[in-house]
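Protein sequences, first through last, are from chains F and V. Read in order, the letters of the first sequence correspond to residues 0 to 115 in numbering that gives the first Met the number 0. Read in order, the letters of the second sequence correspond to residues 0 to 115 in numbering that gives the first Met the number 0.
I should point out that these hints are in silico values taken from the structure, not numbers from a laboratory.
Identical copies carry no separate label here, and so any pair may be met within one copy or between two of them.
Only pairs whose alpha carbons sit at most 20 Å apart, straight line, appear in this in silico EDC-like list of lysine to aspartate or glutamate: (1) K112 <-> E50; (2) K95 <-> E106; (3) K112 <-> E14; (4) K6 <-> D91; (5) K95 <-> E3; (6) K87 <-> E61; (7) K65 <-> E23; (8) K112 <-> D53; (9) K87 <-> E106; (10) K6 <-> E101; (11) K65 <-> E26; (12) K39 <-> E50; (13) K39 <-> D29; (14) K112 <-> E80; (15) K6 <-> E23; (16) K112 <-> E101; (17) K112 <-> E3; (18) K65 <-> D53; (19) K112 <-> E61.
Bear in mind that the values here come from a model prediction, so they are computed numbers and not experimental data.
Protein chains: 2
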Amino acid sequence: MSTELLKIRIAHGAETAMGPGKAELLEAIDRYGSISAAAKHMRMSYRRAWELVDTMNRCFDEPLVKTAPGGAHGGGAQVTEFGFYILKCYRDLVVKTRAAAEREIVEFASHLKPPD
Amino acid sequence: MSTELLKIRIAHGAETAMGPGKAELLEAIDRYGSISAAAKHMRMSYRRAWELVDTMNRCFDEPLVKTAPGGAHGGGAQVTEFGFYILKCYRDLVVKTRAAAEREIVEFASHLKPPD
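Pulled out of the complex, with its shape left as it was, chain F reads as follows (with noise of 0.2 Å):
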């Protein structure tokens, strides 16, 4: 879980196209090999990794994920090349906001309570 304050997600309709949590479990589906593995290493459920896999593959217009039958939790699984390039567009958009609103973010991180 983060503790960054910002959090940025593509909206599509009702659901999130891309957010922090599908942008971290991106990153650990290409480290370690599948699905259950980053779900494992997320602290996250099975079910929940692969709900957010499948919510990404059909809000865009190519999968970003792509999965090998086999298993009760599944084969293996790779981020496809425009898994990466969606990945990366995120993080570039992070990146920017970050720099461009550097003032805003301060500002609010000088007045919110420190959290529970």
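Given chain F's structure and the hints, the job is docking chain V onto it.
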């Protein structure tokens, strides 16, 4: 409900201190003069609007909304000077993000399927 693709929120632990819905609610409270009238305008329950106001007031070190007692659904409500300041920071953050990351936002838009 905004059809905006970009959604930015300011997290405070597990809660959202400021985001699209809370910003819109502050503007509605300013326009209509009470939480109940603002909620009605936003087609939101009074309870939900009250919870959003309560969350904002708890997350920041000063209240964003001041309420006057009275009636089943409370009396009038006013956005404080601090509330307007935080609202302006949020709106500026969104505008700056749109300007700084225009390329990425266009990329997302061009690769999202039409929503259902």
